[in-house]
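As they're listed, the protein sequences go chains V and P.
Under the working numbering, think of the first position of the first sequence as 60, with each following residue one higher.
Under the working numbering, think of the first position of the second sequence as 6, with each following residue one higher.
It should be emphasised that the hints constitute simulated quantities derived from the structure, not laboratory data.
Worth double-checking, as some hints may not be accurate.
Stated by the list, open to error - Some chain P residues close to chain V (C-beta under 10 Å, calculated; not the full set):
no., residue
1, Pro8
2, Ala9
3, Val42
4, Arg109
5, Leu111
6, Gln149
7, Asp159
8, Thr201
9, Cys202
10, Gln213
What the hints assert, rightly or not - These stretches of chain V come out as covered by chain P in the derived footprint (C-beta under 8 Å, 3 or more residues):
no., segment
11, 134 to 145
12, 160 to 170
13, 441 to 447
14, 492 to 504
15, 528 to 538
Small disclaimer: the values here were computed from a predicted structure and weren't measured.
All residues carry an ideal CB built from backbone N, CA and C; glycine is no exception.
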Amino acid sequence: MFACLHLPDFPVAAMMRLEPGLRRQPVAVVDGAPSLERVLAANEAARAAGVEPGMALLQAEALSGLKLRRHSLAQEAAAHAALLDAATAFSPRVEDAAADTVLLDLAGLGSLFGPPEKIARALAARCAALGLECRVAVAANPEAARHAARGFPGITVIAPGQETARLGPLPVDILEPPPEILETLDRWGVRTLRARAALPAVAVAERLGQAGVELQKLARGEGARVLRPVEPPLCFEETLELEHPVELLEPLAFVLSRLLEQLCARLAARALAASELRLTLGLEENVSSFTFQVSREPSQPETRNVKRETVHERQIRFPQPMLDGKLFLKLLQLDLQSHPPPAPVIKVTLTAEPAPPRPGQAGLFLPLAPEPEKLELMLARLGRVVGEKRLGAAELLDTHRPDAHRMNRFKVASPGSRVGTARNVKRETRNPHARLAFRRFRPPLPARVQARNGRPVSVFFRGARATVLDLAGPWHASGEWWTEQGWAREEWDVTLATAEGSASYRIYREGNAWFVKGEYD
Amino acid sequence: MTPALLRARLQAALGDRFPAALSPAARPAPELVSTGVAAVDALAGGLPRGALTEICGPASSGRTTLLLAALAEATRRQEACALVDAGDAFDPCSAAAAGVELARLLWVRCGDVSRFPTQPETRTVKRETFFLEQALRAADLLLQAGGFGVMALDLGDVPPALACRVPLTSWFRFRRAVERTPTVLLLLEQEPCARTCASLVLQLQNKQSAFSSQHSANPSLDPTHARLLRGLRLQVEVVHSRLRKLPRAAGIEFESCAAWAG
């Protein structure tokens, strides 16, 4: 058995995927150069209102209640990809028959999904989840399934042997015959497949040739051909061209929400998750200055002089593949709050990098760690509070330069792994005593030091003078003298008298200036 | 009829049939985890999970030593940990030497001067207050996300007068956030400020800084370059504990040892 998914009024259906609110309203898609725009396609409600493909834009605009949208090739490509995703969720043998039609082989799916009726319903439900109101037909051969899907609304299941009877009422032009044959048939008064199938085969061959015989077979539902399976590309991209430029984050979030919903549904249909999200915002040109408002409140406006950029690109990588539309939306919102676009947005493109989802079940006795989804959201929010570069996991650098470290993105380390540099591992030792800790002053505190016989006797910093009770040093340290960032210093450990008793510090001299590097605590 | 009388009558009538209906649920004793310092474990029993522990003391009193020891123990158990560093004073090198697995520690550095607002209307806000608020917000977010074995809030460089001005509701919120979770919430500061919200309050003090090679009668004549700071002799006291009854002013001394001293 074969199934066919067909999207009627494809340009309108592709547009409605991202605007489901228009589903029950008369909608037409227009295309063409300005002032020569014509209606390309219209939905059933619009046709009932009198809209016809090819109608001039001015005529269409005269009809009240009609919603007009611009033709978008990007949206059609996304709708076609979604159609393929819906089919691939059921069968690996999928034929890309046309932009609006997909065929799939149901052989062997009975044990997984049940009888053909159930598979057809599941296919329709899957398409609905992807925002596509598809016609679904199941028949014994691909051509019969295709003609049934193009001819009958809703779900059609044709039992083997019943093709001629079931396809009979359909008009003959559904076979897409050559125009001259169609004209001949029309002259003969043959307008349905039933009438076409009833014609004698030999007489048809004599008058219409081999093409007529092929059409005869198709009209009887006997067309037997091999399916031409394709491997649908793993390309998950959704685009929406906006009617009016968006200047606020809140309406942009609604648009992103719609795109993410579709993107997640498509990824779920292919049993995949996203390891990376790329957001590309098409910007309005010819804007001299602009204030992108993160919220409707007028506080802290961020006015920018617009450069000649036409797109604003953002990229969010996840440490583990994820599939949570709400989480993605929140992360994108937080990212756009930190990096707002420099001009009003007129086009939004969202791309997901697919990856196999992580295993759903973890071990029973795993050590404590935050959930990856919560962690990502929390890191994004923390980035808003303290700055993105000021949080993460520290990694020591293999240098003797003081305070040499870099911040890596924090991620939950897998149990049993000991992640770290060679220097980390070398220094990690378990000692029966507690290790003396050091607290750094960033930047080092400037100090005034009184010395006697070359030894510090009192240190003045933080507005107070303290007497040196005990000391050790000096130690000369230097490094990277071969670069511009070379450093050389003379370090001392001193114990100073304080109001509470005493406290130990490390001080150093660099040139003639003294600094307090930090305290031992 | 007063509520108390009504309650007494209901208890008398229903107490036999529903013994637990009117009495508050018994709170289980919190699980204690090691501080990483045997002496402190012996004194306080350890750090309670799902509760707030305060580690207080002045400069060089060993607060950070105890914090790093607790973080090292937690990362050794392969737990994820978080440190909100209000004063940007954390030293990764020192932490690695203490045994902290840095890849398991989320370090949140407050105190970025460039983020300090410069608008005229906020110029009056003190920098310390701004960074303290930043640290409290960061701690809030971390506690909401949950899943950390140890969550430490380092207010060691925040003036005590400012730390004490943090509303009690903030500490109460933090305590409620970790309640019934396995997170150890540590608060490092100069003086106790969480008051009744803390389950354990440890007060530390520096007794002596230990230097090596003190041979001669006149230390001022010793060659100072041949000496080393070997560590600190510290005293820890349990000021307040809800976990166990302790004798008044229970205290114990322990030593911290510098990495270069063996």
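Status of each hint after checking the structure:
{"no.": "1", "hint": "Pro8", "in the structure": "42 Å, violated"}
{"no.": "2", "hint": "Ala9", "in the structure": "43 Å, violated"}
{"no.": "3", "hint": "Val42", "in the structure": "5 Å, holds"}
{"no.": "4", "hint": "Arg109", "in the structure": "6 Å, holds"}
{"no.": "5", "hint": "Leu111", "in the structure": "5 Å, holds"}
{"no.": "6", "hint": "Gln149", "in the structure": "7 Å, holds"}
{"no.": "7", "hint": "Asp159", "in the structure": "9 Å, holds"}
{"no.": "8", "hint": "Thr201", "in the structure": "26 Å, violated"}
{"no.": "9", "hint": "Cys202", "in the structure": "22 Å, violated"}
{"no.": "10", "hint": "Gln213", "in the structure": "8 Å, holds"}
{"no.": "11", "hint": "134 to 145", "in the structure": "violated (count 0)"}
{"no.": "12", "hint": "160 to 170", "in the structure": "violated (count 0)"}
{"no.": "13", "hint": "441 to 447", "in the structure": "holds (count 4)"}
{"no.": "14", "hint": "492 to 504", "in the structure": "holds (count 10)"}
{"no.": "15", "hint": "528 to 538", "in the structure": "holds (count 7)"}
Hints 1, 2, 8, 9, 11 and 12, counting from the list given before, are not met by this structure.
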